[in-house]
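A.B. asks: Okay, here's what each chain looks like letter by letter:
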Amino acid sequence: TQLLEQSPQFLSIQEGENLTVYCNSSSVFSSLQWYRQEPGEGPVLLVTVVTGGEVKKLKRLTFQFGDARKDSSLHITAAQPGDTGLYLCAGSGGSEKLVFGKGTKLTVNP
Amino acid sequence: SAVISQKPSRDICQRGTSLTIQCQVDSQVTMMFWYRQQPGQSLTLIATANQGSEATYESGFVIDKFPISRPNLTFSTLTVSNMSPEDSSIYLCSAGQAGNIQYFGAGTRLSVL
Numbered sequence: 001t002q003l004l005e006q007s008p009q010f011l012s013i014q015e016g017e018n019l020t021v022y023c024n025s026s027s028v029f030s031s032l033q034w035y036r037q038e039p040g041e042g043p044v045l046l047v048t049v050v051t052g053g054e055v056k057k058l059k060r061l062t063f064q065f066g067d068a069r070k071d072s073s074l075h076i077t078a079a080q081p082g083d084t085g086l087y088l089c090a091g092s093g094g095s096e097k098l099v100f101g102k103g104t105k106l107t108v109n110p
Numbered sequence: 111s112a113v114i115s116q117k118p119s120r121d122i123c124q125r126g127t128s129l130t131i132q133c134q135v136d137s138q139v140t141m142m143f144w145y146r147q148q149p150g151q152s153l154t155l156i157a158t159a160n161q162g163s164e165a166t167y168e169s170g171f172v173i174d175k176f177p178i179s180r181p182n183l184t185f186s187t188l189t190v191s192n193m194s195p196e197d198s199s200i201y202l203c204s205a206g207q208a209g210n211i212q213y214f215g216a217g218t219r220l221s222v223l
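Chains as they are written, first to last, in our numbering: chain P, 1 to 110; chain F, 111 to 223.
Since the hints were made in silico from the structure, they are not lab data. From the three backbone atoms N, C-alpha and C, an ideal C-beta is built for every residue, glycine too. Careful, some of the hints might be misleading.
Cut-off 27 Å, straight-line C-alpha distance, at most; resulting in silico cross-link-like pairs (BS3-like, lysine-lysine) [to be verified]:
hint: 1; chain 1: F; residue 1: 117; chain 2: P; residue 2: 105
hint: 2; chain 1: P; residue 1: 70; chain 2: F; residue 2: 117
hint: 3; chain 1: F; residue 1: 117; chain 2: P; residue 2: 102
hint: 4; chain 1: P; residue 1: 70; chain 2: F; residue 2: 175
hint: 5; chain 1: P; residue 1: 57; chain 2: P; residue 2: 97
hint: 6; chain 1: P; residue 1: 105; chain 2: P; residue 2: 57
hint: 7; chain 1: P; residue 1: 102; chain 2: F; residue 2: 175
hint: 8; chain 1: P; residue 1: 102; chain 2: P; residue 2: 57
Covered by chain F, according to a simulated footprint, are these stretches of chain P (three or more residues, beta-carbon under 8 Å) [claimed, not checked]:
hint: 9; stretch: 44-53
hint: 10; stretch: 57-66
Construct all of the structure, not just a fragment, from the sequences and the given hints.
C.D. replies: Have a look at this one:
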């Protein structure tokens, strides 16, 4: 069974600070996705990474896929209150099912 | 991308009753999935809704409790049967597209009294 360990589970920071969320596994994933979910809504896809070592940027968000495709990180620079939400990593082992991490609940205080 | 419409958005139900949740996709998709989520926590896959055949259930979930229909490539329903307070949760459907990307509905918030 593939598992994704996501950390930290909770993160409360001040506006303007930087943060990193980690997603680790002992299994290799063919692709890994990051979602953000706000209260009352479903998860919204932020990015998909498929190549080992790949780095993708989305404004202040930087996503990295590990060289061995077993881990990923999400780095947010100069966090803003609008970044508040639940961040979920999800991996695909080749089938169309996704394995989700436990999520990181981020609160950015003004 | 795909737009997923899910209804009802929320409901309060009495124990012992059943609720059917509908999920409509704005385009034809091969894969549709049903998840359960406790507020602020991660998603647990209930089943994969297969068009033209029985749904594929994950460990801990059974067809008698969560019957699923998938009559075509744009629509699916999940029924939560004989509900108890432990079934109170958020139920989400998603549509799978190329590259294992999934698009989610806004969810159904179910409270069972």
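A.B. asks: Each of the hints needs a verdict: does it hold here or not?
C.D. replies: Here's how the hints hold up against the structure:
| no. | hint | verdict |
| --- | --- | --- |
| 1 | 117(F) / 105(P) | holds, 26 Å |
| 2 | 70(P) / 117(F) | violated, 36 Å |
| 3 | 117(F) / 102(P) | holds, 26 Å |
| 4 | 70(P) / 175(F) | violated, 35 Å |
| 5 | 57(P) / 97(P) | holds, 25 Å |
| 6 | 105(P) / 57(P) | holds, 21 Å |
| 7 | 102(P) / 175(F) | holds, 25 Å |
| 8 | 102(P) / 57(P) | holds, 23 Å |
| 9 | 44-53 | holds (count 4) |
| 10 | 57-66 | violated (count 0) |
When held up to the earlier numbered hints, the structure conflicts with 2, 4, 10 and fits the remainder.
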